[in-house]
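Engineer: Here are the chains, one letter per residue:
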Amino acid sequence: MSGVFDRLSKKLGEKDDSSGISPLDLANLPQAQRQLMRILLRELEMSLSALMGLVEELPEGKRPTQAEVEEALKSLALEGWVIKMGEDAQITYKANLRRKAPSTLAQSIWSTLDARIGEAKESGLKKDQQG
Amino acid sequence: MGKIVSIHSFRGGTGKSNTTANLASQMALAGKRVGIVDTDIASPGIHVLFGLDEKLMGHTLNEYLRGEVDIHDVAFRVSDHLGDAEGRKKLAGKDLWLFPSSINGREISRILHDGYDVNLLNQGFQSMRKEFDLDYLFIDTHPGVGEETLLSMILSDILVIILRPDQQDFQGTAVTVDIARSLDIPHLRLVVNKALSRYDFSQIKATVEQTYSEEVAGVLPLTEDMVENASSDIFSLRYPDHPWSQAMRGVAENLLAIP
Numbered sequence: 001m002s003g004v005f006d007r008l009s010k011k012l013g014e015k016d017d018s019s020g021i022s023p024l025d026l027a028n029l030p031q032a033q034r035q036l037m038r039i040l041l042r043e044l045e046m047s048l049s050a051l052m053g054l055v056e057e058l059p060e061g062k063r064p065t066q067a068e069v070e071e072a073l074k075s076l077a078l079e080g081w082v083i084k085m086g087e088d089a090q091i092t093y094k095a096n097l098r099r100k101a102p103s104t105l106a107q108s109i110w111s112t113l114d115a116r117i118g119e120a121k122e123s124g125l126k127k128d129q130q131g
Numbered sequence: 132m133g134k135i136v137s138i139h140s141f142r143g144g145t146g147k148s149n150t151t152a153n154l155a156s157q158m159a160l161a162g163k164r165v166g167i168v169d170t171d172i173a174s175p176g177i178h179v180l181f182g183l184d185e186k187l188m189g190h191t192l193n194e195y196l197r198g199e200v201d202i203h204d205v206a207f208r209v210s211d212h213l214g215d216a217e218g219r220k221k222l223a224g225k226d227l228w229l230f231p232s233s234i235n236g237r238e239i240s241r242i243l244h245d246g247y248d249v250n251l252l253n254q255g256f257q258s259m260r261k262e263f264d265l266d267y268l269f270i271d272t273h274p275g276v277g278e279e280t281l282l283s284m285i286l287s288d289i290l291v292i293i294l295r296p297d298q299q300d301f302q303g304t305a306v307t308v309d310i311a312r313s314l315d316i317p318h319l320r321l322v323v324n325k326a327l328s329r330y331d332f333s334q335i336k337a338t339v340e341q342t343y344s345e346e347v348a349g350v351l352p353l354t355e356d357m358v359e360n361a362s363s364d365i366f367s368l369r370y371p372d373h374p375w376s377q378a379m380r381g382v383a384e385n386l387l388a389i390p
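Quick note, the sequences are listed as chains R and X, same order.
Numbering of the first sequence is given in my numbering, commencing with residue 1 and proceeding in unit increments.
Numbering of the second sequence is given in my numbering, commencing with residue 132 and proceeding in unit increments.
Think of the hints as simulated: they come from the structure by calculation, not from any bench.
Any given hint might turn out to be false.
What the hints assert, rightly or not - Over the 10 Å line for every Cβ pair with chain R, so calculated as not near, a few chain X residues:
hint : residue
1    : 146
2    : 162
3    : 203
4    : 246
5    : 298
6    : 315
7    : 333
8    : 337
9    : 338
10   : 384
11   : 387
12   : 390
Unchecked claim - Covered by chain R, according to a simulated footprint, are these stretches of chain X (three or more residues, beta-carbon under 8 Å):
hint : region
13   : 233-245
14   : 253-262
15   : 304-314
Note that this is a predicted model, so its numbers are computed, not measured.
The beta carbon of each residue, even a glycine, is placed where N, CA and C say it ideally should be.
Generate the whole structure from the sequences, applying the supplied hints.
Structural biologist: Structure, rendered in structure tokens:
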């Protein structure tokens, strides 16, 4: 069961669009960290022991030790790129991706576009009804 | 759990969506459970090949990304809506789902304006794989290297890069291959599309493999028949004996053989 702090940080995270890792940052991570992020993204949420189970399946030479995994998770959590949830034996980890940024085009462009599309649709409907 | 197959091309017009639809259909025909998700939110297109128009389209990925519907609600089971297309009819009873992006102008402008939660997109991918018990999930993305492209590459078990025998494609593909290598994607395959029939395809394959040091899963010929099909049907199902379809089946077999 997740604690009050977990729920609070989740709520805060939802409001902060700049939190989380962007795909570009993800691509630039050191190999060990990127491998962990890949596993967490595919599994959504998992414990350290479950994560280590999948790390063991990585090719030899690319397989980090448990100490390296723990260190990597610590660094990723500090950046807010991995969220640590629960307490003690119930701790699980999940990757945290950054929200896709809204377009930087001026708001007026979108409202104009929206209005134009609406007009075009209405005009199309009228033509259908007349035809 | 099923494999994620990302289909990419550095430039537009390589036949990416057509290749994705045909590959996925061939795999479904081979008895696999297959999903296709259209993450090209700005310019979706693959739905057309499955006969899905605005009237037939139910909920879309756009609504899912706004948290309004579940990913289950977005799934369009192709075999439930085969229509009159001769090729698609062969998918009767097959397990193939499409997760379409909206083709409504307002919906497209809305998501571009608001952005979306990428965690939710990833949760959607994983839910599709688990809840539909998919053997393969194909991710069709926007051409070039963007955020969605990088994300889908990182998540992939197999990355398929489509290129034409064209100098601009060759240079762009080198960039994509370099990125893919740096990301340790488990399996990378190249597919050459729109090769002139008068060329020696085995020579094209050898040259491309030598250039990129990666396996070419197939060389597909340029054909007017494909243009004439105009995305109205799944070409390799409709014309199974056509050279393009035979080459496409070779690509599907290559991917199916990946452990």
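Engineer: Please check whether the beta-carbon of residue 146 (chain X) is more than 10 Å away from every beta-carbon in chain R.
Structural biologist: With a cut-off of 10 Å, residue 146 (chain X) remains clear of chain R, as the shortest Cβ separation is near 25 Å.
Engineer: For residue 387 (chain X), is the shortest CB-to-CB distance to chain R above 10 Å, so the non-interface label stands?
Structural biologist: 21 Å, holds
Engineer: Examine each Cβ of chain R, and state whether all of them lie more than 10 Å from the Cβ of residue 298 (chain X).
Structural biologist: Residue 298 (chain X) is indeed farther than 10 Å from all Cβ atoms of chain R, at 26 Å.
Engineer: Decide, holds or violated, for the assertion that all CB atoms of chain R are farther than 10 Å from the CB of residue 333 (chain X).
Structural biologist: Label holds. Min Cβ-Cβ 32 Å, cutoff 10 Å.
Engineer: Apply the coverage criterion to the region 233-245 of chain X and chain R: a residue qualifies when its Cβ sits closer than 8 Å to a Cβ of the chain, and three qualifying residues are needed.
Structural biologist: Per the Cβ count (7), the hint holds.
Engineer: Beyond 10 Å from chain R, beta-carbon-wise, is residue 390 (chain X)?
Structural biologist: With a cut-off of 10 Å, residue 390 (chain X) remains clear of chain R, as the shortest Cβ separation is near 13 Å.
Engineer: Verify this label for me: residue 203 (chain X) is non-interface relative to chain R, using a Cβ-Cβ cutoff of 10 Å.
Structural biologist: 17 Å, holds
Engineer: Examine the region 253-262 of chain X for residues whose CB is less than 8 Å from any CB of chain R, and state whether their number is three or more.
Structural biologist: Holds, because 3 residues of the region 253-262 of chain X bring their Cβ atoms closer than 8 Å to Cβ atoms of chain R.
Engineer: Are all beta-carbon distances from residue 337 (chain X) to chain R longer than 10 Å?
Structural biologist: Non-interface label stands for residue 337 (chain X): nearest chain R Cβ at 28 Å, farther than 10 Å.
Engineer: Please check whether the region 304-314 of chain X has three or more residues whose CB lies within less than 8 Å of a CB on chain R.
Structural biologist: holds (count 3)
Engineer: Examine each Cβ of chain R, and state whether all of them lie more than 10 Å from the Cβ of residue 162 (chain X).
Structural biologist: The claim stands: residue 162 (chain X) keeps its Cβ more than 10 Å from every Cβ of chain R (closest is about 24 Å).
Engineer: Just want to verify: residue 246 (chain X) was marked as not at the interface with chain R; is every Cβ pair farther apart than 10 Å?
Structural biologist: Its Cβ does come within 10 Å of chain R, the nearest being 4 Å, so this is violated.
Going through the hint list in order, the structure does not satisfy hints 4, 6.
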